[in-house]
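Undergrad: The lines below spell out each chain.
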Amino acid sequence: MTFNNEFDYLIHLVRCCVANEKPCELPNGMSFENVFMLGKLHEIANIAYLSVIQLQNQPNDELLNEWKEFYYISVQRDEIQQKAHRTIISRFCENGIRSLEVQGTVIKKLYPSTDMRMMSDIDIIIDEENFDKAEEILKQMGFETNYATVGELNAKLKILFIEIHAQYFVAEENGGKKRYYDAMNGTFDLAKPLEQNEFIYRLDNTHLYLYSLLHLLKHYEYSGCGIRRFVDFYYLRQLDGVDYDYINSVLKKVDLDKKANDLMSLFELWFYDKQPSYDLTNVMRRVLTAGNHGTEEQYLDNLISEGKKTNKSFSKYNLIINFLFPSKQNIYDAYPFCEKHHYTLIMCWLHRFFASIFSPVKGIKHALKRIKRLNSIKQLDED
Amino acid sequence: MKIKKGFVKRKVANMYLVVCTNEAEEKANFMIELNDTASYIWDLVEKGYSVEKIISTVAKEYDIDEEKASGSVNKLIAQMCEQGVIEED
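Protein chains in written order, with my numbering: chain Z, 1 to 383; chain D, 1 to 89.
The set of hints was computed from the structure by calculation and includes no laboratory data.
Don't be surprised by glycine CBs; every beta carbon is placed ideally from N, CA and C.
Treat the hints loosely; a few may be bogus.
To be verified - Once the Cα atoms are required to be at most 20 Å apart in a straight line, the calculated DMTMM-like pairs of lysine to aspartate or glutamate come out as:
1. K139(Z) to D127(Z)
2. K9(D) to E66(D)
3. K258(Z) to D240(Z)
4. K75(D) to D43(D)
5. K11(D) to E52(D)
6. K83(Z) to E46(D)
7. K40(Z) to E66(Z)
8. K9(D) to E69(Z)
9. K68(Z) to E87(D)
10. K133(Z) to E198(Z)
11. K68(Z) to D36(D)
12. K11(D) to E69(Z)
13. K83(Z) to E135(Z)
Claimed, not checked - Partial chain D-side listing against chain Z, Cβ under 7 Å, derived:
14. V8
15. R10
16. A13
17. V19
18. M31
19. L34
20. T37
21. V45
Stated by the list, open to error - Looking from chain Z toward chain D, a few residues come up when the C-beta cut is under 8 Å (computed):
22. Y72
23. V75
24. E79
25. V250
Full structure from sequences and hints, please.
TA: Take a look at the structure:
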């Protein structure tokens, strides 16, 4: 087996863990430090650890301990998140709020052990009319709350981040993002209550798969999805009764079928050695280098590694300039029709420019704070 | 004697890990590794067994005399008490 770089080897370690295969030793010229660093960046270092401890030649004690600690922290984090999730759902039920759990909390249950699937926040969908009641409950539990946007209530308590949504995807999005709402809306109409509790809803396997795929695509399109979401598909593919024809027809309708095919081909290459029928180099590069799940936090984390190479600092000026004057590729991502109709590029750019100026941008303040923090971390690293 | 609320044992890799899940707990970063025997003793504490009953159960399970079992059990329980994982009923 040949590995071109540490990314390849990291994916191999993860694959060996999920598929219960014996991992190959670290190839010459590669470093465990880099594998661990990339694993952290993609939030799969915990899974990789389970393969690393099977190796004959393991990392040095210091690194192995650091890696183990990372894994243990992911276990603890999982326990804390699950406990909080159970409590919140139970409080919602007591108050007559029906809820639908989505993303990490559902997907991690497909893994052999829930701690293997790291998640940054707990996503719950409820009816919008219950937002005030939900906010009150979260406040009583000690959470600080705020509305990120219409239809999205955020709550924070120490390491716990809760996102309460009213929809699978935001209806008010412009440009390409609107396609995700068009592909999947209707919220509770697509889910069924549990037999033992009428307030707790679950998606059927087809819609769970579709929702996960749409999320993967959305994160891929709008700054990066990382390897972790591909690992999910190792388990999602094992679900019974998934109607792939229906999923493909939905994706085709919103013009996401080609991108979905690209990503699933990459998944099959990584996890089943299935050679793609066309070149996936650019897709792979984008997944590997562009952050884990498309948050500005992860994006900025990537900037830090980039900054280490170029020795640049991350200034407010750079961020705002990049934000107001996005690259052509970013415009294509936000306005997919533009890629086909190049003459609309200038109109899209103007729309984006004025929308950026006149619409409040929820991420920008957070990103600026984050930059400040990252610059100080970078400074520490340099010191 | 019982396990303090918020401490949970999880099977991890090739051993067991006790983590604190109580956000408000001062020992929020607390974690201890347990081997198979320690994990077994943990389960008995969790069941509410007395120290004497734990010793006799461990001795029977591992086919060792009670004196030897007593050493291991008392040592582990003393450690857990010291770390604030166990509290009196």
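Undergrad: Are the hints correct? Go through all of them and say.
TA: Cross-check of the supplied hints:
no. : hint               : in the structure
1   : K139(Z) to D127(Z) : holds, 18 Å
2   : K9(D) to E66(D)    : violated, 26 Å
3   : K258(Z) to D240(Z) : violated, 24 Å
4   : K75(D) to D43(D)   : holds, 16 Å
5   : K11(D) to E52(D)   : violated, 26 Å
6   : K83(Z) to E46(D)   : holds, 18 Å
7   : K40(Z) to E66(Z)   : holds, 11 Å
8   : K9(D) to E69(Z)    : holds, 16 Å
9   : K68(Z) to E87(D)   : violated, 29 Å
10  : K133(Z) to E198(Z) : holds, 18 Å
11  : K68(Z) to D36(D)   : holds, 19 Å
12  : K11(D) to E69(Z)   : holds, 15 Å
13  : K83(Z) to E135(Z)  : holds, 19 Å
14  : V8                 : holds, 5 Å
15  : R10                : holds, 6 Å
16  : A13                : holds, 6 Å
17  : V19                : holds, 4 Å
18  : M31                : holds, 5 Å
19  : L34                : violated, 12 Å
20  : T37                : violated, 20 Å
21  : V45                : violated, 18 Å
22  : Y72                : holds, 5 Å
23  : V75                : holds, 6 Å
24  : E79                : holds, 4 Å
25  : V250               : violated, 38 Å
Checked against the numbered hints above, the structure violates hints 2, 3, 5, 9, 19, 20, 21 and 25; every other hint is satisfied.
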